[in-house]
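Asks: One line per chain: the protein sequences are H and C, in this order.
In terms of our numbering, the first sequence is numbered consecutively and its last residue is 594.
In terms of our numbering, the second sequence is numbered consecutively and its last residue is 594.
Hints may contain errors.
Said to hold, decoys possible - Computed beta-carbon distance windows for the label pairs:
1) H:Asp443 - C:Ala450: 41 to 49 Å
2) C:Gly527 - H:Arg570: 19 to 27 Å
3) C:Gly498 - H:Asp591: 38 to 46 Å
4) H:Ala509 - C:Gly521: 21 to 29 Å
5) C:Leu451 - H:Asp415: 41 to 49 Å
6) C:Thr520 - H:Ala446: 26 to 34 Å
7) C:Met402 - H:Pro567: 49 to 57 Å
Rather than coming from a laboratory, the hints here were simulated on the basis of the structure.
Bear in mind that the values here come from a model prediction, so they are computed numbers and not experimental data.
The C-beta atom is built at its ideal place from N, Cα and C for all residues, glycine as well.
Listed here are the chains, written in short residue letters.
Number of protein chains: 2
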Amino acid sequence: MMRVYLAGPDVFLPDPHGRAVVLKAICARHGLVGISPLDDPPDAPAHWSALPPAHRIALCNEAHIRASTALIANLTPFRGPSADVGTVFELGYMRALGRPVFGWSNAAADFTTRTLTFLTGQAKRAGDGSWCDGEDLTVEAFGCADNLMIDGAIVMSGGSLFIAEVPPTRRWTELAAFERCVAAAAAALRDFVR
Amino acid sequence: MMRVYLAGPDVFLPDPHGRAVVLKAICARHGLVGISPLDDPPDAPAHWSALPPAHRIALCNEAHIRASTALIANLTPFRGPSADVGTVFELGYMRALGRPVFGWSNAAADFTTRTLTFLTGQAKRAGDGSWCDGEDLTVEAFGCADNLMIDGAIVMSGGSLFIAEVPPTRRWTELAAFERCVAAAAAALRDFVR
């Protein structure tokens with residue numbers, strides 16, 4: 401069974417272990433082994449236990465990614481217009497390994513729209529019609545779901561992105577887009593192996 | 401001369417090409433070749449020109465990273481408590497290649513403090529004394545400068561992080577922390593090659 405690393409701010413939820421059980425059950429239903437950042441990594445060297453917790457966790461997550469065939473990222477916007485940066489770091493890490501990366505999000509508005517909403521009142525139009533923020537930094541407008549490195553990596557790696565519009569109160573619980581993403585990853589990985 | 405990829409939201413500044421010239425001049429002063437995301441990549445295949453701009457730019461940036469010995473990231477917080485996600489994607493990408501990653505930031509407050517400031521009025525204390533946001537998602541509190549994947553990658557790769565406290569109006573112009581970071585990278589890469 402193929403291992404898929406489940407990147408996302410889900411580890412910050414009130415019951416992160418319970419959440420991991422739910423995500424893994426959906427993966428199992430589609431024939432995949434979901435790997436949570438909270439799992440003990442397979443071969444963590446003993447000396448890692450002496451590291452500061454932040455460094456040990458970072459190395460364990462990197463080891464999990466290297467030991468997985470693909471990555472599925474929860475890209476639901478997190479404390480700002482973009483996805484959680486820890487999740488995006490891991491997406492970039494897996495992309496560099498040349499393996500497929502998938503994403504899902506419970507926010508349907510595109511990146512430009514979300515950024516303009518975030519900047520309420522501070523966004524301005526530049527001379528050429530493009531948008532910039534109150535400090536004159538451009539607002540990306542490529543029609544992407546998030547920064548173009550994220551959309552680019554997902555498409556160019558052979559992965560795919562699933563977006564659902566979910567009411568704000570269900571943003572961290574609704575899993576329909578996740579399940580569609582898992583199903584697509586399972587199908588893609590079957591082809592990958594043949 | 402060693403090539404160092406300059407990741408950062410600097411590409412969103414009003415004069416990104418002028419900014420790249422300034423950053424490259426500082427690199428040159430320290431014996432490094434600064435590579436800007438705006439540079440033409442050395443060996444872009446002809447068929448990339450037919451891709452949508454977002455995908456072409458993403459592939460060009462990835463090619464630049466693969467062709468560089470190290471990466472220096474501008475981690476100054478960008479539209480929220482964390483660094484720009486495009487920058488962090490690239491940091492993760494270079495980290496997976498096993499090469500040193502460096503960072504600098506013009507915000508001195510640590511990640512927990514910045515997140516609590518961002519959440520003004522919505523942050524709450526959980527039963528165990530830890531902080532969470534209005535949706536009950538935990539606030540990271542490891543004493544890091546940003547998400548632990550970022551701090552972890554910089555330290556564990558042999559890189560280093562330079563932080564300056566800069567008045568808000570000079571956040572996108574002040575380059576003292578950048579220059580200290582370039583000097584450290586130049587020294588580390590000299591050792592790396594020996």
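Asks: Out of the numbered hints, which ones does the structure contradict?
Replies: The structure breaks hints 3, 6; every other hint is satisfied.
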